[in-house]
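> Chains A and B supply the protein sequences, listed in that same order. Positions in the first sequence are counted from 1; adding 725 to them yields this note's numbering. Positions in the second sequence are counted from 1; adding 5 to them yields this note's numbering.
Don't read these hints as lab results, they were simulated from the structure. There may be inaccurate statements among the hints.
As the list claims (entries may be wrong) - DMTMM-like, lysine to aspartate or glutamate: derived pairs with alpha carbons at most 25 Å apart: (1) B:K76 - A:E854; (2) B:K75 - A:E854; (3) B:K40 - A:E928; (4) B:K340 - A:D839; (5) B:K340 - A:D920; (6) B:K40 - A:E880; (7) B:K40 - A:E847; (8) B:K76 - A:D796; (9) B:K40 - A:D850; (10) B:K95 - A:D920; (11) B:K75 - A:D853; (12) B:K95 - A:E928; (13) B:K119 - A:E847; (14) B:K75 - A:D920; (15) B:K75 - B:D55; (16) B:K340 - A:D850.
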Amino acid sequence: MPIATEQGNTAEKKNPAVIEVRQLGTRFGSHVVHADLDLDVRQGEIYAIVGGSGSGKSTLLREMIMLHRPDSGSIRILNTDILELAKAEAQALRQRWGVMFQHGGLFGTLNVRDNVGLPLREHTDLADEVIDELAAWKISLSGLAPEVGLQFPTELSGGMLKRASMARALALDPELLFLDEPTAGLDPAGASGIDALVRSLHELYQSTIVIITHDLDFLWQVTDRVAVLGEGKVVGVGAMAELVEMDHPVIRQYFDGPRGRAAQAQAQTESGEHHHIRG
Amino acid sequence: MLPMLSPADISQPQDGLFVLSGCWTVHTLAGADQKIAAIGNSEAVEVVIDGSQLATIDSLGVWLLQQQCKKIRTAGRSVRLLDWPVNSQKLLDIVENQIDIPVLRAAHRSFLEKIGRNAEAGWQGMFALLSFIGECVLALVRIGLRPNRWRWQQVFKYIEISGFDALPIVGLTAFLLGIVVAYQGADQLRLYGASIFVVDLVGYAMLREFSPLITAIIIAGRSGSAYAAQIGTMVITEEIDGMRTIGIEPVEFLVLPKIIALMVALPLLTVFADLTGVFGGMFMARSQLDISYHEFLARFGSKIGLSALLIGVGKAVVFAAIIAIVGCYQGFRTKGNADSVGRQTTRSVVQSIFIVIILDSGFSVIFSILGI
Ligand SMILES: Nc1ncnc2c1ncn2[C@@H]1O[C@H](COP(=O)(O)OP(=O)(O)O)[C@@H](O)[C@H]1O
Ligand SMILES: [Mg+2]
Chain A
726 MPIATEQGNT AEKKNPAVIE VRQLGTRFGS HVVHADLDLD VRQGEIYAIV GGSGSGKSTL
786 LREMIMLHRP DSGSIRILNT DILELAKAEA QALRQRWGVM FQHGGLFGTL NVRDNVGLPL
846 REHTDLADEV IDELAAWKIS LSGLAPEVGL QFPTELSGGM LKRASMARAL ALDPELLFLD
906 EPTAGLDPAG ASGIDALVRS LHELYQSTIV IITHDLDFLW QVTDRVAVLG EGKVVGVGAM
966 AELVEMDHPV IRQYFDGPRG RAAQAQAQTE SGEHHHIRG
Chain B
6 MLPMLSPADI SQPQDGLFVL SGCWTVHTLA GADQKIAAIG NSEAVEVVID GSQLATIDSL
66 GVWLLQQQCK KIRTAGRSVR LLDWPVNSQK LLDIVENQID IPVLRAAHRS FLEKIGRNAE
126 AGWQGMFALL SFIGECVLAL VRIGLRPNRW RWQQVFKYIE ISGFDALPIV GLTAFLLGIV
186 VAYQGADQLR LYGASIFVVD LVGYAMLREF SPLITAIIIA GRSGSAYAAQ IGTMVITEEI
246 DGMRTIGIEP VEFLVLPKII ALMVALPLLT VFADLTGVFG GMFMARSQLD ISYHEFLARF
306 GSKIGLSALL IGVGKAVVFA AIIAIVGCYQ GFRTKGNADS VGRQTTRSVV QSIFIVIILD
366 SGFSVIFSIL GI
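Work the whole structure out from these sequences, hints included.
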């Protein structure tokens, strides 16, 4: 993401919203997934969307990145109404965000470096060597060894695949980064590696990051604000410390399990050196 | 509303002082890399780069800039960054440290090595195909002894999909082929006043050669490819592995029903192709040579023996086994990604048609030796 020279560092409450979802409605046949869902993501924050399985998180993400059209409501992203866009404008907007898909979404026929370089090849006139160098750098930025650049997606482990997918999401320096379940299916060491990666990238790029996750540790360690989906709406939103105080049944159910308490205890002993809870 | 993106620009108010302005991002840097080269080419002892006029800069901009700085430093001169935005400092530092990142290249293979590797792969592929055939036969023997293990439902399903559903296309193709054969023969035969021999021509050509061959080719393209794609996709989604771990033999479950179904369906389709093909020839004989249907059928009945039909049908049984086995075999050879499914599917069709034609000419040789 281009760094605005007069910008403050991190998300403050006064920061403008980069994503505004209003009265969103989604339905598959008679099955209502979202009913009047409202949501705001502010510039520079790490925002997580959580909720039970089938609560419509992935669908919401797909709607925000223009892969699925909602039945009603409006979505504004980076000050653009994405439901009213002409094709060329939509293409231009897509280049301003990066998406890391749950299963990588990398092209199986290209090696990792060509995967990462592909957006640059498609959308810029840069020389091939520069693209290769930049791709190699983004791969190392994502915490992968240089040799991985020559490997193909099927040769990578789960954690490496997520990192490679992250490198590709970063290719065009997006202002907005969407991550779908970045730690799902990883061992604890791999998951905390991704925690650290997201934090360091956020510090470096100061981009807005929207994350879908089930990982309670991740929520405590990394996010600024969390929205809980349930009954087709956002039933609660706030920093983790605020959310655990709320008593909406969906939220209680989500955080009250033994794992929820363990993650909270863990986070409190670490006493938030690196994550900043805001009121 | 997209933000205003002013193009990246550089000015040099005095020797060795460069002032950057505008947006230095992926979207606005097009063509600016030429101007940036001026920084590295500067002769000044100390190059100063002023960032105070910058609107924004992203990692691409920083990368291109640090490349120039590196060039100056390696030439033994120095670079100073003046008045840069505070929040781009981290990016500047990281890129400066990592600018030397190695860009690895895949090992290059010589022409000779490629030939060798391909030959080796072809050789091993042949053995793999043979051992797959062996595996199928063993599985067939195994369940042949226990008829309750036959998956009849699957077999019937595949007879319907690969046989019944293919009736229109096979019938139409054979009909047209019958017309072509009769038409090509008609002129020559009329010349010799031997028009009635068109019956023998159409009868033998269709029943012995063309019907089984054209049916096999259509089915290889239609069903052999479908088998390869289905099994290939299942390999990628780990369904095959899943099947093995719960104790179901993929060969028994996926391959045998297909082989058995095709060995039933293809001979029947061939008979159908015989009918429509001969009808096509008969139709042409009447319109071109004035041979009535009655005349045609009378000669057909007396001249074309049952052996012609049986030879064609017998060949179809063998072709069916080849098509089903090669389709499934290529499916199982799929590795890794979606591209591989496409490649294996293509291979299944090419390979099975190739083998079918080789076998067909082999049969011709054998039959002529035996005098059938
Ligand atoms: N393409 C689709 N067709 C029909 N129903 C769908 C489709 N996509 C999602 N759904 C349904 O929408 C609901 C929400 O799905 P999803 O957004 O994937 O949930 P989550 O990601 O929160 O687990 C689920 O009940 C799912 O069955
Ligand atoms: Mg989901």
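> It remains to establish, for every hint, whether it holds in the given structure.
So, going through the hints one by one against the coordinates:
1. B:K76 - A:E854: Roughly 16 Å between the alpha carbons, so the hint for K76 (chain B) and E854 (chain A) holds.
2. B:K75 - A:E854: OK: K75 (chain B) and E854 (chain A) at ~16 Å, within 25 Å.
3. B:K40 - A:E928: With Cα atoms ~30 Å apart, K40 (chain B) and E928 (chain A) exceed 25 Å; violated.
4. B:K340 - A:D839: Holds - the C-alpha atoms of D839 (chain A) and K340 (chain B) are around 20 Å apart, at most 25 Å.
5. B:K340 - A:D920: violated, 32 Å
6. B:K40 - A:E880: violated, 41 Å
7. B:K40 - A:E847: holds, 22 Å
8. B:K76 - A:D796: violated, 55 Å
9. B:K40 - A:D850: Judged against 25 Å, a Cα distance of about 15 Å means the pair holds.
10. B:K95 - A:D920: holds, 20 Å
11. B:K75 - A:D853: holds, 20 Å
12. B:K95 - A:E928: Between K95 (chain B) and E928 (chain A) the Cα gap is close to 9 Å, so the pair holds against 25 Å.
13. B:K119 - A:E847: Status violated; Cα separation ~31 Å.
14. B:K75 - A:D920: violated, 33 Å
15. B:K75 - B:D55: holds, 17 Å
16. B:K340 - A:D850: Measuring from Cα to Cα gives roughly 34 Å; hence the hint is violated.
Consistency with the previously given hints fails for numbers 3, 5, 6, 8, 13, 14 and 16, ordered from lowest to highest.
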